[in-house]
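Engineer: Next come the chains, spelled out residue by residue.
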Amino acid sequence: MAVIEAEHLSKRFGKKVLAVDDVTFSIRAGAVTGFLGPNGAGKTTTLRMILDLVKPSAGSVRILGQRYRDIPRPATRVGALLDSSGFHPGRSGRNALRVVAAGAGLPDTRVEEALTMVELEGAARRAVKGYSTGMKQRLALACALLGDPEVLLLDEPANGLDPEGIRWLRTFLRARAAEGRTILISSHVLAEVEQTVDDVLIISKGKLLAQGAIGELTRTAQPVVRARSPQAEKLEALLTARGAAVNRLDTALAIRGPASAEVGEVAQANGVVLHELFTEVPSLEDLFLEIAGTRREL
Amino acid sequence: MISLLRAEFLKLRSTRTSLGLGIAVLLVSLVPTVLLIAFIPTHLLNGGELGAGATLVTYIVLVFGILGMTNEYRHGTITYTYLATPRRARVMVAKLIVYGSTGALAMLAALLVAQLVGVIGLPMRGVSYHVPGGGALADYARQIGVAGLVTCFGVALGAFLRAQVVTVAGVLIWALLVEPLIVAFKPGVGTWLPFNVFGQVTSSTLATDAGNVAAHSGLARPEAFLVSVAYIAVVSVAAVVVSMSRDVT
Ligand SMILES: Nc1ncnc2c1ncn2[C@@H]1O[C@H](COP(=O)(O)OP(=O)(O)OP(=O)(O)O)[C@@H](O)[C@H]1O
Ligand SMILES: [Mg+2]
Chain A
1 MAVIEAEHLS
11 KRFGKKVLAV
21 DDVTFSIRAG
31 AVTGFLGPNG
41 AGKTTTLRMI
51 LDLVKPSAGS
61 VRILGQRYRD
71 IPRPATRVGA
81 LLDSSGFHPG
91 RSGRNALRVV
101 AAGAGLPDTR
111 VEEALTMVEL
121 EGAARRAVKG
131 YSTGMKQRLA
141 LACALLGDPE
151 VLLLDEPANG
161 LDPEGIRWLR
171 TFLRARAAEG
181 RTILISSHVL
191 AEVEQTVDDV
201 LIISKGKLLA
211 QGAIGELTRT
221 AQPVVRARSP
231 QAEKLEALLT
241 ARGAAVNRLD
251 TALAIRGPAS
261 AEVGEVAQAN
271 GVVLHELFTE
281 VPSLEDLFLE
291 IAGTRREL
Chain B
1 MISLLRAEFL
11 KLRSTRTSLG
21 LGIAVLLVSL
31 VPTVLLIAFI
41 PTHLLNGGEL
51 GAGATLVTYI
61 VLVFGILGMT
71 NEYRHGTITY
81 TYLATPRRAR
91 VMVAKLIVYG
101 STGALAMLAA
111 LLVAQLVGVI
121 GLPMRGVSYH
131 VPGGGALADY
141 ARQIGVAGLV
151 TCFGVALGAF
161 LRAQVVTVAG
171 VLIWALLVEP
181 LIVAFKPGVG
191 TWLPFNVFGQ
201 VTSSTLATDA
211 GNVAAHSGLA
221 RPEAFLVSVA
231 YIAVVSVAAV
241 VVSMSRDVT
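Sequence order for the protein chains is A and B.
Residue numbers are given in this note's numbering: position 107 of the first sequence equals residue 107, and the series is strictly consecutive.
Residue numbers are given in this note's numbering: position 218 of the second sequence equals residue 218, and the series is strictly consecutive.
Among the hints, a few may not be true.
As the list claims (entries may be wrong) - Distance ranges between label pairs, derived from CB positions:
| no. | chain 1 | residue 1 | chain 2 | residue 2 | range |
| --- | --- | --- | --- | --- | --- |
| 1 | B | A89 | A | V281 | 51 to 59 Å |
| 2 | A | M1 | B | A169 | 48 to 56 Å |
| 3 | A | G40 | B | V229 | 45 to 53 Å |
| 4 | A | K207 | B | L226 | 49 to 57 Å |
| 5 | B | V234 | A | D108 | 36 to 44 Å |
| 6 | B | A169 | A | G215 | 54 to 62 Å |
| 7 | A | K129 | B | V31 | 29 to 37 Å |
Don't read these hints as lab results, they were simulated from the structure.
Note that CB positions come from ideal geometry on N, CA and C, so glycine has one too.
The whole structure should be built from the sequences, with the hints applied where relevant.
Structural biologist: Right under this line is the structure:
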């Protein structure tokens, strides 16, 4: 069953910026979906459209089968962490949560539970203006968790977290996912979510480039043969003539098409000395960069 | 709606804005009253001086209303507010109720403080204090009502304009400078301008001032009250309508 369904969703800001361009996708229930794309790709805008904060210019999006604004007590079913939402600097962390809880019709006991979950009890009495970036991020996560929602939308939740915090977040999200919750998590760094997600959506310049299970994406990935040679230029010319796609930086080559055995044979047949020859299966990160079109070779 | 009202009251209580409002109201209700009672010749002391701070309180609650709404945009808390209550009209109604009643309460507090100053101060100058009677009480009641209305007007303007500094500065310049000028040079138009209309709801004290009678002869009290409510309704509805299509980013 799809928890979120977007159909031909577009958003234009002013005349010039087409932030989201005719995007159609669906998010499975109970899965962790990574929403990936470089800066300015349209991730935040899409998440805000799902939550009825940004009005689509065209198309529609449904969450839990309806528009967000039609969900009764939405905060108890959908939790959201958004990058530019904020807290009143003079309010304490606990009071910031109490305000959100009150608005959602939740008891103050939930506030204490959420504070414990994000390990922020110690700082709960302090004013938010004295919080570090990571502490604010934890507070925002606590806001998302207040209503014990079945769906979590997280916009770059790892922002501002230290390595330990990122590991904590990963474990935390896995635990939520194990409970059968649906999680959509945006990031511009795949490595950050690689170990957590089941599915991915890849977006760039407002367009959806790929969606599907993460295993399927890696299976389609083409291996790269890497070679190093003092006669790299000569080898490059030979391989290119045989139809391979070659990138060269100084003495290093990245070759797509032929297998490493073929590269070695070509080199041997033409008297090219090889210092290094190996096959690299691209990591998901490489794949992501390639799909998103921001890969810089070598 | 109940949880929304609770949330709004909690927002008020949990920042310094409410403390600031309390201090400001206390200051403007104490200082002018104390000064007047201390320095006016005894034969001129008639109890009227006890309302001296009321106009200032009105401007304070106006700014308070504007801040109440624009702070949400300024600090980005509007995102959480709309996530919990995606129906934006409801948020507007809750703000109007909570801020309107708080503004009215602030005026009530200011008037009580002024009476307290009278109870203590007047006998010290050898003048006896009289508990305000029917006419004065009705005046006070109207001032309390107008304070509530003005606060609501501030909320509505804040919701419509969103930018905090611009709204506070613009509204104060309009209320203190532009409107009085228009009233002076074009009284026919001036009668209908919002802050002048609010003033006319409580115009009984002004009416005794011969020079002002002409300018204020435009609207009877009930009319002025209705026009005030209309102003708030129009700006609130406009703010809600505009907010429906506005992006929260
Ligand atoms: N309120 C706005 N007004 C005008 N343009 C906007 C607005 N919000 C976003 N944009 C534009 O829309 C595009 C997509 O922005 P968005 O914030 O959705 O990207 P993102 O994928 O979240 O990027 P990042 O990884 O940097 O957070 C960008 O070109 C951005 O400049
Ligand atoms: Mg973003």
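Engineer: Hint by hint, note whether the structure agrees.
Structural biologist: These are the hints, each one checked on the structure:
Between A89 of chain B and V281 of chain A the beta carbons are some 55 Å apart, a value that agrees with the proposed interval 51 to 59 Å. With their beta carbons about 53 Å apart, M1 of chain A and A169 of chain B fall inside the hinted range of 48 to 56 Å. Judged by the Cβ atoms, the range 45 to 53 Å given for G40 of chain A and V229 of chain B holds: they are separated by roughly 46 Å. Between K207 of chain A and L226 of chain B the C-beta distance comes to about 55 Å, which sits within the given range of 49 to 57 Å.
Distance hint check for V234 of chain B and D108 of chain A: the Cβ-Cβ separation is about 38 Å, which falls inside the suggested range of 36 to 44 Å. Checked against the hint of 54 to 62 Å, the C-beta distance between A169 of chain B and G215 of chain A comes to roughly 58 Å, which is consistent with it. Restraint check, K129 of chain A to V31 of chain B: a C-beta distance of roughly 31 Å satisfies the suggested window 29 to 37 Å.
No hint from the list above goes unmet by this structure.
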